[in-house]
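K.L.:
The lines below spell out each chain.
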Amino acid sequence: MIVSTIASHSSLQILLGAKKEGFKTRLYVSPKRRAFYSSLPIVDDLVVTEDMSAILNDDGIVVPHGSFVAYLGLEAIEKAKAKFFGNRHFLKWETTFELQDRALDRAGIPRVEVVELEEVKSDELYFVRIEGPRGGSGHFIARGSELEERISTLEEPYRIERFIPGVYLYVHFFYSPILERLELLGVDERVLIADGNARWPVKPLPYTISGNRAVALRESLLPKLYDYGTAFVEAMRELEPSGVIGPFALHFAYDGSFRAIGIASRIDGGSNADHWYSELYWGERLSMGRRIARELRLAEEEDRLGEVVT
Amino acid sequence: MIVSTIASHSSLQILLGAKKEGFKTRLYVSPKRRAFYSSLPIVDDLVVTEDMSAILNDDGIVVPHGSFVAYLGLEAIEKAKAKFFGNRHFLKWETTFELQDRALDRAGIPRVEVVELEEVKSDELYFVRIEGPRGGSGHFIARGSELEERISTLEEPYRIERFIPGVYLYVHFFYSPILERLELLGVDERVLIADGNARWPVKPLPYTISGNRAVALRESLLPKLYDYGTAFVEAMRELEPSGVIGPFALHFAYDGSFRAIGIASRIDGGSNADHWYSELYWGERLSMGRRIARELRLAEEEDRLGEVVT
Amino acid sequence: MIVSTIASHSSLQILLGAKKEGFKTRLYVSPKRRAFYSSLPIVDDLVVTEDMSAILNDDGIVVPHGSFVAYLGLEAIEKAKAKFFGNRHFLKWETTFELQDRALDRAGIPRVEVVELEEVKSDELYFVRIEGPRGGSGHFIARGSELEERISTLEEPYRIERFIPGVYLYVHFFYSPILERLELLGVDERVLIADGNARWPVKPLPYTISGNRAVALRESLLPKLYDYGTAFVEAMRELEPSGVIGPFALHFAYDGSFRAIGIASRIDGGSNADHWYSELYWGERLSMGRRIARELRLAEEEDRLGEVVT
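Residue numbers (my numbering), protein chains in the order written: chain L, 745 to 1054; chain U, 745 to 1054; chain G, 745 to 1054.
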């Protein structure tokens, strides 16, 4: 069996994990990124192409990640002949505010407050979020007084949220249909360009993500997050049968209580930050990428591949 | 032999470590946290109870952590029938300013300056610290001019410290009576709600801890910290015979020199952040939890359990 | 074969790595640092001395790190009888602005803009960088209006750079002459005293490094950085034959694009932060220190030691 993906986002851990679980690997890479990926012994079959849609006809198991929808479009993915790890109909749930909110509300997970422009107070802080996963770019923080002018130039769907001063934590889950078990595999925080203000505040800076750091969450916060994860899995089982298969993430602001600010309906880039919680379930360190490959291997061994692939 | 603890703080690494060293594990968990902990294969015996004091009569080796004093009270722990890993009389040393200062002073470790209200200057910054380990909650930073008003509402013992602008580093030690060796096993920094100001300063925020990040300390700083650790172990041997057994932590502000701001007289939650220094001593990665279990195993093998258990 | 170094900077990972690859180890340590280093089982031969120049006549393979030039001087190192891992003539390339710029320019790596005092605008922010590797100390951020006064007191060579608000990322490479392969082994960010302003900005603080944190870089940024690394290796092959052997680092400001702010022409202290990218090349976690030892072992096995030692 061969595990295939596109060279970006979290493909390194996906392919490394696949190799460690004994699979062959195939990677679709654009010519300008070839040098780096071709230097890595984890890639068995490197397909250099400008056209990523070639993967839609791949004959292996395709593992989608956070660049798939941007590269290929939802419709093409849903119609593709290739076999995808996970529920490919789940991928769309992060792409609009409406779907995201519906999922979180069904799960009973508290969300950040959305504010209408009419309600905005001039001296309060707001966070303007652009719709869809964007690696943080485009979002901005602003005082109410400057909000109307700044949103007047936006060309994409957005919404205004009440800004929550506190830390932002991204929680990485894996739901295993084979084991019927939800695993909480890690927590990260984003490294943003805006973190440049930590040493001395200069001016509001872009929220564009440049990387991720692992966070060992205060243990007393984990049970509640695990309950949220469980509720999310149950909600998606109703909303998008057969529900979540494999990785997803819940994104939270934390100022003493958790409020969801988003979801990832596939492997989240924050799982690139190495975390140890997988040892709790497996006695060894598994990246999310390897966890995916482990599920494929378990499914294959039990002749249940159909339950984890769509 | 069975290793027992309460489901909170650092119980995950304690039980994972115990399993890896070949022990059975028992965990006391409140009903509302049951779902998460019962999903983990590291727990052999899950005791679901609202009443954590059940652990005081446990027939295994109880490993105390940072939630024990809050849940059970010092007196109950000191009188408990159960066997505790470590010197149970050491646990109290973090609970009051007076004990903490006495330990640090005896060890010759420089401390943050404590300021009397009369000495406060209106335009300088101070840090008000609430007594006892509290996960950071309640502490606050304030200008001298606002200090009197703000402390007038405090209902708990506190003190005023000169604020040290710089980084705060938490150093995790393990003293092994079996090997007669002090090990420096890791350094972390806290992830606080107040870190929400890193991207853009909004207002002073709570110092409540939400997690921990590992820090690889600049190597040239380690020898001095190791000397402080050694001095602390020697001081405690006199102050609370038989002294420190197992884990403790020293908490420092660093602005070019180190000043202690506190101690943990048990495993510190910051050791939840995975660190590599244990490889220096053991050639493999041991969490603090596993290091505890390793000590138990070494003691058991040499028939010296009495030296690490009280 | 014995691997020797000086007790500072990154000697822990160098010796741990050497032990894991099967070498004997020797460490030169000053008396005041003896307690810590002598507690570590990774040191076979501890040479306690005030005079680090003893290592210049060592009969093993000396692995230089970021403290060597400060302790021993470039000239003494270049003339030393001892065998050094790597190209000892490469060590000087980080020590002056002129060499650093020449290397970066030859490689075509964009650099931070250097500003002449005459061009400074009073209301803009600048970063004053002191020449040579200094662990961050001495550098400062300042408004144009205060710049002339502040630099008037500087006694060391410096330059004025346009301040880039954003994150600062340090990328760790290893060039293997044995495998003819460039490996990108990790990324870190520095933990500075100035990070004390993250929770509440107090005043501009020293940029002195107190530690390092691993960053999992956004994967889409890695190919470009790998290309920069490759270009740097090629440039140094011309500028300082036989070029880079082993570890080096490129230091970047990132605000949406990368601009180099410096280099390390030896193992960089930021590689003390544990990173997982080595698994991509080796299937297991190797520190930079161990990667050096691995190269020595590979060279020895193929009887090619002369290619990695000067």
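Worth flagging that the hints you see were computed from the coordinates, not collected in a lab. A portion of the hints provided could be inaccurate.
Since copy identity is lost for identical chains, a pair holds within one copy or between any two.
[Claimed, not checked] With a Cα cut of at most 27 Å, we get these calculated BS3-like pairs of lysine-lysine:
1) Lys827 to Lys764
2) Lys968 to Lys776
3) Lys764 to Lys865
4) Lys865 to Lys947
5) Lys825 to Lys768
6) Lys947 to Lys836
7) Lys823 to Lys764
8) Lys823 to Lys865
9) Lys776 to Lys947
10) Lys968 to Lys836
11) Lys823 to Lys968
12) Lys968 to Lys825
13) Lys836 to Lys823
14) Lys768 to Lys823
15) Lys968 to Lys827
These numbers were taken from a predicted model, which means no experiment stands behind them.
K.L.:
Indicate, hint by hint, whether the structure satisfies it.
P.N.:
Going through the hints against the structure:
{"no.": "1", "hint": "Lys827 to Lys764", "result": "within (21 Å within a copy, 38 Å between copies)"}
{"no.": "2", "hint": "Lys968 to Lys776", "result": "between (44 Å within a copy, 9 Å between copies)"}
{"no.": "3", "hint": "Lys764 to Lys865", "result": "neither (54 Å within a copy, 56 Å between copies)"}
{"no.": "4", "hint": "Lys865 to Lys947", "result": "both (21 Å within a copy, 17 Å between copies)"}
{"no.": "5", "hint": "Lys825 to Lys768", "result": "within (20 Å within a copy, 49 Å between copies)"}
{"no.": "6", "hint": "Lys947 to Lys836", "result": "neither (35 Å within a copy, 37 Å between copies)"}
{"no.": "7", "hint": "Lys823 to Lys764", "result": "neither (30 Å within a copy, 46 Å between copies)"}
{"no.": "8", "hint": "Lys823 to Lys865", "result": "neither (46 Å within a copy, 57 Å between copies)"}
{"no.": "9", "hint": "Lys776 to Lys947", "result": "neither (34 Å within a copy, 43 Å between copies)"}
{"no.": "10", "hint": "Lys968 to Lys836", "result": "within (26 Å within a copy, 30 Å between copies)"}
{"no.": "11", "hint": "Lys823 to Lys968", "result": "neither (37 Å within a copy, 33 Å between copies)"}
{"no.": "12", "hint": "Lys968 to Lys825", "result": "neither (39 Å within a copy, 32 Å between copies)"}
{"no.": "13", "hint": "Lys836 to Lys823", "result": "within (13 Å within a copy, 58 Å between copies)"}
{"no.": "14", "hint": "Lys768 to Lys823", "result": "within (25 Å within a copy, 50 Å between copies)"}
{"no.": "15", "hint": "Lys968 to Lys827", "result": "neither (34 Å within a copy, 31 Å between copies)"}
Checked against the numbered hints given earlier, this structure breaks hints 3, 6, 7, 8, 9, 11, 12, 15; the rest are met.
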